[in-house]
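Given chain G, put chain Z in place with the hints provided.
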Amino acid sequence: MTKHQQSEADFNASLAERLRSTPRAAPMHMNDLPSGPSKSLTDLLSDNQDQERQPATDEPARPSIADQAGATTTRRVPLHLIVDSPYQPRKKYDETELQLLGETLKGRGQDEPITVRVLDSGKFELIAGHRRVRAARLIGWSELDARVMHLSDRDACLATLVHNESNVKLSDYERGLAYQTALKEGYASTQSAVATVFGCTQARVSQCLSLFDLPQPLLDLMAKYPELITYRKARVIKEVLAKHPEGQEAILRAVEVLIDKPQMDQSELRAVLLKPFEAKRVRTKSPTPRTIIDRNGESAFRVHVKARDILIQVEDGVDVELALERAMAALREFAVTLEVPKKQKANNPAG
Amino acid sequence: MDLGRKTFKVQGVAKLLGISVDSVRRDADEAGLQIERQGGSGPKTRIFTVENVFDLAAHRARKSGMTPKTKRILTVYAPKGGVGKTTISSNIACILALMGLRVLVIDLDFQANLTISFGYDPELTPDEAASAGLPQSTCVEYHLGHLLPQWQQNGAVQPLSKVIKKPFGDNGPHLIPSEVTLDRLEALFTVDAIMGKKPELAIARWLDEGFSGRNPNLDLSQYDVVMFDAPPAKNQTTRGALLASDFAVAPVSMERYSTKSVSYLADVIGEMKNTYSKFPQLSVLGNFFDAKRVRVAAQVIALTSKYPEAWMDNQISTSEEFKKVLDEDDGLPLALARPTSTPSDELRAATRELVERMGVLSSAAQKDGLRAA
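So the sequences go chain by chain: G and Z.
Just so it is clear: in the first sequence, position 106 is 106 by my numbering, and no numbers are missing.
Just so it is clear: in the second sequence, position 259 is 259 by my numbering, and no numbers are missing.
Pulled out of the complex, with its shape left as it was, chain G reads as follows:
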């Protein structure tokens, strides 16, 4: 080796290593950079417009005309002051999804403000953001950005219903509830008007509302398990109920199979619901063979019937040829007394 004991690359690597490891005389404090998305310029300004109006005016705080007309301001709202909407059709919140949503909030920050309205009690009632509020509580946040509106009960109800329609994973039952409420509260008088309000097709409205024709015990069941019965499954249930009105109780109990097997499709459900009614027919046909005995009571033939086939088993010591001859003769004798309907050619491709 010459005086170049280390290659250039090795030297550089060792240099970097040395710089990294040597404790610095004065370690430098370096602040974190924020991560996640930033608001747009327009959002920044629109969010700050209304906030600023308040300190600028010296008048006592009274709601402006704009506020009464449902104008919105965006601000931080403490989570403990936020209450659920009584109009919220969503009945079920998936824990894992809330957890995931929490992770997203933690990682990206809050993209979109939730929407709330001010109650007389000073609390904030949710219009949109039930899932985000739950996720934020999960990850221990104390506040969220919220669009604060001043809405009447009626407007809040409609806003909550309509907002949720566009949102993720609402079950047919929950949608149906929203449509039903809209009809009851008079936001719309016909199914097609409901469709217009919610921005969906009339067919969808009618499908979801069809769930409410189910017997009360099933409605109670759906209130507990809103995803249990889709409108397609409801159709199967109604079909089976119509066929076997006497078995309603058994059928309704059988529907609970969906709690354990939610992935079951319509035809599987139909099979399960019909099973108790078909089972009897199957059981009446006993498969035990009949025996034909000789004059001493010993078995000479054993006869099995399987659907339309007759199998005659000939016992040892009986002449098979002769037995066949006699059996054929007996059948011929029987046949001449019959009149079998003419078979069509098409049903008999062998011919």
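The hints are simulated quantities; they were obtained by calculation from the structure and are not laboratory data.
Below, in silico cross-link-like pairs of lysine-lysine (DSBU-like), each with a Cα-Cα straight-line distance of 35 Å or less:
(1) G:K106 <-> Z:K306
(2) G:K39 <-> Z:K197
(3) Z:K166 <-> G:K39
(4) Z:K71 <-> G:K39
Relative to chain G, chain Z alone:
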């Protein structure tokens, strides 16, 4: 104007636009540019002025149908002085315009170095200009303050057309210049702050109105990129520019104090995120770079380990060229004055990286536009 005297031969133009010499010839003919020919008895070589080059860049952008995806606001800022903010700003502004983007650059520093680098003496009086035979447009009469309501005690503001300078013609970067009284804006912002208004939103409001095109006296809608060259201060004006910006470029001069200034900046940006949920994405650009120096390596490690996303892949080397242009080319941005120099290559590479980070161009247009740089 003085800078008009800087000229390029076809080869220089080709380098500036990142295209072949023949493309320059064809496109110049196509665009119908009035190009001077060299006098004398030799071959009549074309002589391009700076304006000609930007006109050509604009023509090529139009021809290729380049339409930027989105408008971007960019602030070049570091709380530390002398790290090369103004040099970087003026060069980036020129290179963006050479890519065919429409650029407005705003000088926020009362020392007006950016304004000077574009050929204006902010202290030149109209009389001095007249007696020196210079056009009155060489004088700086207005700055950003004159466009803001704070300056006019909320009265009428100057129309943009009276304030704006076009140092290299219509197609070059446009400039809102500065002069020594601009620092009074800070005092006016402070008054706003005391009165409970939010002065840090003043620049955001101004840009929003300008981009909307609502106000014919303040129409910024034609610009693809609006850039601020911010002074090394942590005041209302720089915070306002940062808050309004989508991106921030912090040059660092690869020594301990300038590394520390990035931490101060990170803190300012973090505060914005907390207060407004609006903040610029930071890019840290190594300036006066010399990979062979241990001191530089130490700062690179400090910065990349703390801000790996922000650290830019491209750096600008230490070069005497930057000082030479100050004396020999009246401070004309180096990327224009010496397109073939190494630092010019580096400035172009860094600007390309920035354009990618900012997502101004669609991927197809980006290929074209980036080649042009």
